[in-house]
Amino acid sequence: MPSINQLPVTTRFAPSPTGSLHLGNARTAFFSYLWARQSGGRFVLRIEDTDAERSQLRFRDELMAELRWLGLEWDEGPDIGGPSASYCQSERGEFYRELYAQLEAHDQAYPCYCTPEDLELSRKLQRMSGQPPRYAGTCRGLSATQRAERAARGLKPTLRFAVPGDKIIEFTDAVHGPQRFASSDIGDFIIRRDDGTPAFFFCNAVDDSAMGVTQVLRGDDHMTNTPRQLLLLDALGLRRPGYGHVGLLVGEDGAPLSKRHGSTSVQEFRARGFLSAAILNQLFRLGHAADVDGWLPPAAMSAHFRPLHLGRAPARFDESQLVHWQKETLGRMSTAEIRAWLGADDATEFVDLVRHNVVLPVDAAPWRAVVRGDLEPLGELEQQVIAAAGAEFFAAAAAAYAQANSDLKVLTRILKERTGRKGADLFMPLRVALTGTAHGPELAPLLKLIPPETARRRLELHAQNS
RNA sequence: GCUCCCUUCGUCUAGAGGCCUAGGACACGGCCCUCUCAAGGCUGUAACACGGGUUCGAAUCCCGUAGGGAGCGCCA
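Each residue of the first sequence is one higher than the last, beginning at 28 in the numbering used here.
These aren't lab readings, by the way, just hints derived from the structure by calculation.
Heads up, some of the hints might be wrong.
Here are the computed distance ranges between Cβ atoms for each label pair [what the hints assert, rightly or not]:
1. 465 with 418: 18 to 26 angstroms
2. 387 with 465: 18 to 26 angstroms
3. 376 with 418: 27 to 35 angstroms
4. 133 with 183: 19 to 27 angstroms
5. 429 with 289: 45 to 53 angstroms
6. 200 with 396: 53 to 61 angstroms
7. 191 with 387: 54 to 62 angstroms
8. 404 with 280: 30 to 38 angstroms
9. 79 with 179: 25 to 33 angstroms
10. 197 with 392: 52 to 60 angstroms
11. 318 with 289: 30 to 38 angstroms
12. 396 with 222: 54 to 62 angstroms
13. 418 with 47: 30 to 38 angstroms
14. 331 with 407: 43 to 51 angstroms
Derived DSS-like pairs: lysine-lysine, alpha-carbon spacing no greater than 27 angstroms straight-line [as the list claims (entries may be wrong)]:
15. 475 with 443
16. 449 with 475
17. 151 with 183
18. 436 with 449
19. 475 with 354
Quick reminder that beta carbons are idealized off the backbone N, C-alpha and C, glycines included.
Build the full structure now, drawing on both the sequences and the hints.
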């Protein structure tokens with residue numbers, strides 16, 4: 028549903044297939060997706076696989092699988108094509124070559140024969156003398172004969188963009204507002220590696236423009252990269268997309284989300300049993316202020332997305348909040364859905380009983396054991412409850428069970444008459460003896476699921492021991 | 001070092017000069033309900049980084065300070 032004053036916006040997600048889909052990337056992908064959907068525009072998926080060393084097909088497939096699992100469907104992409112195909116940068120060499128030629132023809136780019144060692148040394152020297160570590164421009168003024176001489180020595184050049192020295196680059200960031208940079212602060216940067224592959228600053232900017240992207244949404248860490256890309260686009264006469272830089276997603280300690288914070292990839296959360304709707308509800312509120320509170324079905328989110336309310340400050344990811352959305356999501360699922368999610372072929376009565384005591388599928392295991400297995404050893408609190416009730420109580424309980432069978436109401440009525448106990452004094456010992464813990468789902472239906480033989484044994488056990 | 005960005009309860013955030021004795025959500029505590037946990041209802045603790053201005057009035061505007069972050073890569 029496009030809003031009245033918003034033109035269709037084309038956004039994109041442009042991951043490099045060098046690892047699994049990180050929560051932070053998933054969030055920017057999600058915001059981009061929502062923005063496109065909200066405006067009635069398009070969402071493009073582009074794979075930035077220019078690093079042949081680290082890029083892998085399996086990561087690309089995994090990335091797409093996770094995106095789809097989250098429900099972020101793209102309108103153009105490597106698998107479905109589109110007007111700007113190919114959507115893999117490794118297949119766009121021809122397009123890049125033309126642009127390189129254009130830049131070189133206008134002296135806006137030049138071959139650089141400096142070796143990585145040269146460059147590192149130069150940077151080191153600059154740092155030591157308190158200078159910004161920028162490319163010194165060594166190869167910028169090389170004559171044709173000097174270039175030929177170097178090429179003859181077998182040196183393979185990179186291609187550098189000749190940054191104009193005296194420009195002010197201005198743009199309005201969609202989340203930060205007006206920005207101003209001086210080109211004199213930017214060194215000539217590499218736009219083509221010595222193996223002929225395009226470098227990020229170049230192919231990323233050029234593809235966004237060529238693919239008709241009108242709004243680039245990305246992490247804050249790209250903020251100071253933007254003027255470089257704008258310079259490049261201007262030199263090429265390509266249309267500038269709008270840029271918006273979202274605050275990063277960080278861990279509980281404020282450091283960028285990493286392994287030591289536990290799960291960080293969508294795949295890991297999925298494997299643990301978190302639901303996509305839960306993850307989406309959480310991401311929806313990290314670094315973004317929606318216009319409503321409370322759980323939203325994913326399909327309703329684009330209507331409540333507010334691009335102008337994206338956060339500038341880094342947002343901390345707090346798993347306890349994810350757990351909250353997980354509970355909210357679970358509460359809205361049918362028994363059949365939860366049963367499938369638990370993945371253990373449970374009886375529907377069992378599913379209905381434990382669903383409110385479970386956040387992840389693994390949490391169902393203890394209750395499964397209560398119903399069709401053996402109890403865990405009693406904890407300290409549980410032992411106290413058993414001891415306080417006494418052997419006599421359980422003898423009476425076992426006898427009552429013989430009469431009442433698995434009808435807890437009848438069982439407790441009989442026990443109440445015989446022992447004079449009521450309330451927690453009556454129920455707690457029963458709960459502990461029958462389930463092994465002091466907490467859990469409603470006891471009456473739970474008792475019905477415990478095989479009679481097992482229930483009797485559990486009650487009799489305490490009639491003898493204590 | 002240089003350039004840029006950021007800073008409201010523990011956490012996510014509302015807030016575009018008076019509607020703010022700063023609101024909501026999560027988490028936490030209490031009460032109610034209840035055999036227990038969960039759910040639900042009620043309720044409590046808790047924040048404008050600091051210092052100067054501007055203004056009748058500032059969380060909101062300006063300038064500094066402090067703290068945090070990013071970029072300056074043949075990685076994206």
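Q. Any of the earlier hints contradicted here, and which numbers?
A. Violated: hint 13 alone.
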